[in-house]
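Given next are the chains, with one letter for each unit.
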Amino acid sequence: MVVNLLWGWIGLVVFFMAIYAARHLVLTAGRLFRPQRSAYHELLDSNEDPLTVLIPMHNESAVASRVLDLVVDARGSEKFEVIPIDDHSADDTAEIIADYASRYETIRPLTRRTGLRGKPAGLNDAMGMSSNDATLVFDADYEPSGDLINGLASAFADPEVGAVMGRVVPRNTSTNVLTRLLDLERSGGYQVDQQQRHTFGLVPQYGGTVGGFRRSVMTSLGGFDVRVLAEDTDATYRLAASGWRIAYVNWAECYEEVPTALSGRFKQLRRWARGHTQVLFRRLVAVVRSPYLTRWQKLDALLILFIYLVPPLLASSLVANTALFMLGEQVGLATVVLGLFAVAYNAFGNFAPFFQIGSAVLIDGGRQRLTLLPMLFAMYFVNTCAVTLGLLDALLDVARGRAPEWHKTKRMNEASA
Amino acid sequence: MEATHPAASPHETAGIRPPRATRRPVFSVPRIAFSIVAIAAFEVALVVLLPRLLELYAAALRLLDAGAVTTQEFFRGELPVMELNIWVPGPTVLVGIMAAAGVGAVAVAYAGSWNPMLRGILIAEAMLIGGAAMFMLATGRPPYAGDAFASLYAETSVLTWLVLPLLLGVASLSVPFRAWERLSMLLLVLMFGVVLSVVRYGFFAEALDAGSSVLMAPLFLNFGPLLDFIGGIAIFSAMLVRVSSRLERGDPRRVWSWS
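Quick mapping for you: the protein sequence lines, in order, are chains U and V. My numbering applies: residue 1 is where the first sequence begins, and numbers increase by one. My numbering applies: residue 1 is where the second sequence begins, and numbers increase by one.
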């Protein structure tokens, strides 16, 4: 009986893993063999619609000047405003923003000292004072160029587009092995996964770090949900379930810092898993019942929503396999199959297997960093623990009805200070 | 309505690399078709030549001189099985192992200055060893007798030789390898698997003799097929570097599609 149950569990996990493997194979083949759907950059010359840029900041004195310098001159002041959101900062962020506001009329600061702290609450307040419908959001440690801002904004020329997402590229890749491995992950996630979801007409992820949305649409949906950690993922599925398209602009590259220490990566991954699972609980029914999504869009959306369940599932099947081994069952084939999955799927966050990452890096023009592909497996234990703890956090959120707390990601220059 | 942009003449685009956002490596359909046939042929040849490969495997194991080698019927051939001397510890030792594993796991968990990745691996290993000891204490027997474990190991190794080249061959279809590169990769993966299997067999024999049956699970589950896959992906990635260099050096019009 126990043996049958263990075998049954392993079979179930292998079945689910095979579905994900097929998904990644289809996306990778599509990216390599099918003509790519371009973004909206053909419209760049004619598109100068009014635009608002929001920059949420909490204790961002280390990076505030840089991001404001980059965005402030992106467009003429008549059709453009920048709203830096000082969200309960205790450092010099407010003074830096005030200094820029005194020098540039495009900057209209929002200072928050009361109410809930956190990105979604800040974005909701900023939408209230924004003058324009087309809205872009950048994290404070990002480096958006003028071309990038105009490129992302051009997506709103399409009236069906409710949100747009650009490509995130790590800029501190040469710091250590971890940052190089995270660079591989990002490459697989954006160059193949996001781009091909865009090409296939599926639902690319709107990420709140380098993307944008229509203020009118988000307002009509009730604004960003302040109770979820992954407000961007939540917005993605609310928009999609309501019939709005998410555009992905692969050439709109924006540079970010990835965690340089494994502890930072652990916390980040745990937070992502927690936020993503909160979204799964909240939006699953809406996605399944949406009259606007096609069958394939729903299937892909469901696979993405359930993606953080896979690492603990795989880990549980490895435990089941160990139990079968201890019981003296012949586990050769199961060990081969599960071992393959454990080695092949280690790019958590987007869950890209090695062949997808390899193809993405090849398209990106990477060379020596390709040799790091087998090293992704070294992060298996840390990643699985982080994701599993994130899932438990999400379950406890539901069980106890607790609201998540916001923690700011430590910037590299802060860490070295 | 026709596009109003004038098409660029060939000399205008010569040397220009398409932007990475939408470019794709050029694939030749006949080359892919040939590759599929070549991968299938490689797999068929592997199955046909398996008895001969198993003979070589047996000869290599005898050279190791780590234990007597017998054979058993397996998939069109004679599978070499090495006799393993495995020490089965008594209850007192098993309790000691459990205690040591528990204390070790807790100590590593609190060793904050250590690399978290290393700590994770060590804790997982300690839990595996402690769990194996607990299981043996409860059931009063090791998971496998020496010959059964040796047989399981050998069968799994051969299964991996058959499966891994096929999987990597399919995965490699997403990369514009040349046919000889693809076949070389599969051959390298197979050779790596065979050599690793021989060396690992010897290592297992020594470890189980010097250690105990408690090490069976950690050895098989951590250093079994997992190592083959990591090695296979390492070979795959090394070949990718070669392709990437070719894409970098080649005439952009021949190696990249604009979209």
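Any given hint could turn out to be false.
[Stated by the list, open to error] Partial list, derived from the structure: chain U residues whose beta carbon lies under 7 Å from chain V:
1. Asp125
2. Leu284
3. Val288
4. Gly358
5. Val382
[To be verified] What the simulated footprint calls covered on chain V by chain U, stretch by stretch (three residues with Cβ under 8 Å from a Cβ of chain U suffice, anywhere in the stretch; the number is not a length):
6. 17 to 29
7. 107 to 120
8. 150 to 163
9. 214 to 226
10. 245 to 259
In case anyone wonders, no lab produced these hints; they're calculated from the structure. Glycine residues also receive a C-beta, built at the ideal position from the N, C-alpha and C atoms.
Worksheet item: What are the numbers of the hints the structure violates, in ascending order?
Response: 1, 2, 3
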